[in-house]
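Let the sequences and hints guide you as you build the complete structure.
Number of protein chains: 2
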Amino acid sequence: MVSYVKIPSHLKPSDPQGPDLLTQERNLASFDVKELTLVLYGIKDLERYHTILKIIENDPVFDKSNIYFMGRNELFEHAIKKEKRLVQLIRENKWKVEELQFAEWFLDMPGPFGAHRGMFIPTLIGQGTKEQKEKFLVPALNYQIIGCYAQTELGHGSNVKGLETTAIYIPETDEFEIHSPYLTASKWWVGGLGKTANHAIVMAQLISNGKNYGPHPFVVQIRDMKTHLPLPSITIGDIGPKFGFNSTDNGFILFEHVRIPRFNMLSKFSQIKKGTGEYINPPNQKLSYGTMVLVRAIIISGVRVTLARAATIAIRYSAVRRQFIDKDEPKKLEDGSIVETSILDYTMQQYRLFPVIAQSYACFFTAKMMVNLYTEYTKQSSSGDYSLLADLHASSSGLKSLTTTMAVDSIEDCRRACGGHGYSSFSGFVKFYQDYLPNTTWEGDNYILTHQTARYLLKTFRQVTSHKNPEIYASQSNKNPTISYILQYLNEPNQKCTAITPSDFNNHEIQLRAFKHRVAFLIANVVDQIDNQKKSWNSMLVEINRISRAHCQYLLVQNFITALHQPSEDESLRMLHNSPALKEVMTSICNLFVLHTMEKDIGDFLESEYLTTPQARLLRIQVYNLLKEIRPNAVSLVDAFLIPDSLLCSALGRYDGKVYETMIDWASKEPLNGMTLDFNPNNDTFIRKAKL
Amino acid sequence: MVSYVKIPSHLKPSDPQGPDLLTQERNLASFDVKELTLVLYGIKDLERYHTILKIIENDPVFDKSNIYFMGRNELFEHAIKKEKRLVQLIRENKWKVEELQFAEWFLDMPGPFGAHRGMFIPTLIGQGTKEQKEKFLVPALNYQIIGCYAQTELGHGSNVKGLETTAIYIPETDEFEIHSPYLTASKWWVGGLGKTANHAIVMAQLISNGKNYGPHPFVVQIRDMKTHLPLPSITIGDIGPKFGFNSTDNGFILFEHVRIPRFNMLSKFSQIKKGTGEYINPPNQKLSYGTMVLVRAIIISGVRVTLARAATIAIRYSAVRRQFIDKDEPKKLEDGSIVETSILDYTMQQYRLFPVIAQSYACFFTAKMMVNLYTEYTKQSSSGDYSLLADLHASSSGLKSLTTTMAVDSIEDCRRACGGHGYSSFSGFVKFYQDYLPNTTWEGDNYILTHQTARYLLKTFRQVTSHKNPEIYASQSNKNPTISYILQYLNEPNQKCTAITPSDFNNHEIQLRAFKHRVAFLIANVVDQIDNQKKSWNSMLVEINRISRAHCQYLLVQNFITALHQPSEDESLRMLHNSPALKEVMTSICNLFVLHTMEKDIGDFLESEYLTTPQARLLRIQVYNLLKEIRPNAVSLVDAFLIPDSLLCSALGRYDGKVYETMIDWASKEPLNGMTLDFNPNNDTFIRKAKL
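As you go down the protein sequences, you meet chains A and B in turn.
Under UniProt numbering, residue 692 is the last one in the first sequence; the count climbs by one each step, no gaps.
Under UniProt numbering, residue 692 is the last one in the second sequence; the count climbs by one each step, no gaps.
Chain copies aren't distinguished; within one or between two, either way the pair holds.
Using 35 Å as the maximum straight-line C-alpha spacing, the simulated DSBU-like pairs for lysine-lysine come out as follows:
#1 Lys161 / Lys669
#2 Lys274 / Lys133
#3 Lys669 / Lys82
#4 Lys211 / Lys12
#5 Lys600 / Lys535
#6 Lys600 / Lys331
Derived by calculation from the structure, the hints in this document are not laboratory data.
What follows is the structure, encoded as structure tokens:
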């Protein structure tokens, strides 16, 4: 890229230099970074990582050096080029999902084909018949047709049942008529629809013989295959600029009595009989829940790398950035001269950043657990056993809500912890944050989702208590965490924390009891208000949210502790267990995650009367002790995440610590610097003209 | 603006229609909206408001209909045009500060002249001598020279003492030599520097006869007045894209031994003697603090309108948006047909949004108090009495930190409460949030600022306790809130809350005692750890932040309650006191602010043992009661803020409730919709070409 401003080449940043500072930090590590990286990725995926990264980084189409200077149109054009190149690479290298996941992660650009790969194809696979797959899936896999998934409407997001688009069966012609009766029925937010897709899976109210069978998926061709213009009676557009995701053409579409063959209703589960229009029920509703669980497990491992990325930038920059002199312990250079203190040495900075590292590792272990549970569930369900599903679905809903909100908030916390420069696009936080943000809304709004979790928790509590002999639940309690902590609470409703020194809070038993007792206490409280005090569901929504949060925080804690201590077949966990150094640092991280989470919601733990107020103060002191304990490993802990510079795309977070050289180099390339502004002070007129 | 997509004109949103819903809401109001608006603005300012708004809204240069579609360069060019037009209007209409404030608020665009008006001119006024004002201020006021304020450097933000740029006095030629010894010395983030300014006030280390006298302000011409190109030995550039503020050319500048006359050092307070280079001390350091207090008072009234703007959008859209049917109390239309429930009826939505309304009113009363205190202080200081300053400065620092962070978080909370559409630029939240964000960093980083507040609180506590007979402080305690709550705590360290029913928490005495006791308890705790347990300042930074927060929350509560009850000369307050209807609704709002604030930090109040855990539950119940109480007035409470549609620039928040019509109308104007994408499925090539 061309530089518009000549920076005096003799100028260097004042000492100490960033690279030296990061080297010093890395020398402090108590563990082998490569070893931890291997635990995080596993041998096979780490190989894939390097293979794919090399291909992506060496491909000029994927060059990001211009990315922060692009407006909406350029960004979209750029994204289209990337998508096209990606398709070629998929073919050339015969990439499977595993490889593609890495490629998409490194590309880091929500693209016009995202919904095609992420929604259109999976829906065809999941809900299409053999014939439908031949007709739609095969060309889709060859990118001969590009699809999108049209569910959300201008007037309806969360409440899918309320969708206004109709699909009426016409027996005479054996067709469906897709129609948008109102402006609010316009499909909205549909990724890839605005400019790119020529097919859509449209969720519409299935109506046959005057009866409404609720929303069902229909495949509709929306654009001409030659001219790529919208087909007759179809109105399509891009919905306009967004907080982020501007490389994607989220679109809207309106249908005016558009006819499609009956064949186009995805019919693996339910269908309409030819002529009679008789509706045939889905064999098993539960099946669809299963995939939801997996999607959410994937979102949570997404949270893990998201937090890792944010922490990497903030931690490295905090090690390089120095501000003020700490009078109590001033920092000295070799020559004895006093320099300003690295902001990573300030407790407040540690308090803001280290928990984000801990959250990332917590999500790593929980995502792992969810994938394992999902695999176990699919085994069982194939033999008709769905006992795991209810708990799994409830937990995954709440976890998606809790962790994606945590991720968004933590990115922003890390950004603000970078001071003024965090506000610059060059920080690597801006586009990153803006593109990640929708995770709190899609795949279930984070508030609405907690209702599902809470309903299950209340139901389970009622079952366990109402049952004559709760003992019979004991059998399930080892498999079902919810039943287990409810039983424990019922047997011992007045548990007290036994900690008498700050370090007692490192005791995992004390930690687990705190979270179990708190969530059971909150559930009991809500059940009482609804069942005995006859409070309405609506009046309890805030509490509903609290119990879902408490349940999922418990799961994160439980999974982290289990991962550290329970013998496991899992390759990563075995590597972890076999390395005392790793186990030690992960234990500190686990303790920080648990105690910082408790401290943030200390009110709950005090209210449940498990903790006394003096104990709350001890707990806070122990959090500060853990920050000190983790400080020497901070940089190495984020290095272990192995987020490549080409992905970080950050002047502040780069591995080599050349923060200031990069900031000014990138600034010199700002296109505005290529323009001259003619300035006439006498009549204050301005004429802007391009210099190039 | 041209529309690229033809939307079928016969389509309407499904019933009920937005305008009808808002009319229903407005009919529920228990008070006169116009009356409350008058309280907020005062008669004079409300007249100004309407005069200025008319001028701005009728001027084509200020048209915003295109704003969300602009890239960086367009946005900057647009901003320059606006600035130019604004200067003309200032001259034509002889606008004073009062008028200009409204104009800038309505324009809602951080412009290249912002620093000229906001920093350059005020600094010349505050720190220039008569001669310097003649030379620089007069042409600046005529926009013959355009200035910026160059303080922050690439390597130094918060720590001004650590600035690297030097100004060395050269007796031989009676000049200063401005120099950037390192890359990190580059001035950075300087508003209006990148492209616009031809002069800068440069903060540099004043060095004379080898002695460093610390940072001082120097006026430096940086661009040629004819060619507008940087002067020799000066490197200037725009620092590149940012999270927001992209209509402003924040810039960087490097000096290579640039000579300026001694005259250019702003010398109202301190100066260098000709030839000898002798340094003459500033008469009174304190003076500068005074203006800081005022600047922060202005920021806090800025917070008030910021919160008002966010709440207005979210509340109105929540009244229009309907989702799900509340089974316990389903909503019916006149014809008896059941419709989905307005999301404003869901407790969780009320819990997320109503506190933002309350925060806005809280900031209104506190900003008012600060301005009054500042006026009182300037009176006293003119007669040499600075007794008010310490408390005023400490409180204003902490309040700036607390309220701007509150504002940023609340904008985002309101945005997320708007579901998917909140993510669209058309929501009115995106640019709004992005441009407001820097408030948490500039005028003192929000974390660093709390140190100043805490230092004062600890010092005051030590003074009061160490003093033989604290009674003598009692005299000051009515003027000094800090001394007053410290004394109260020392006399009664074991105060307990007397509430036994939820509604008892509406008692202002109980509320005030809770906040006083909590802050004093936290301060006592920190003093003990530092003085007796010899903890280092650094190890206490998290607690430091807590006590500043606790102190400032108390001030917000105290000011709100005082404003409601204490007889006052203030025009607005008298109007409020004379209207029972207004007083009633403001009391509910005040109670919600106080109790919601308590609930959010409930841990503090439990730890201070003022509250018992059963009382914490009562308090939460009272918060829910207040939400119910406020619900009918919600829309009218935001209407009273009188934020014009032209400022909201929001499809969701417009006064008439035509949400969906506007969303689709604006989307049809997205320039991407004016492009066609030629799509060849056989070789998946893409060629984008303009249709127009």
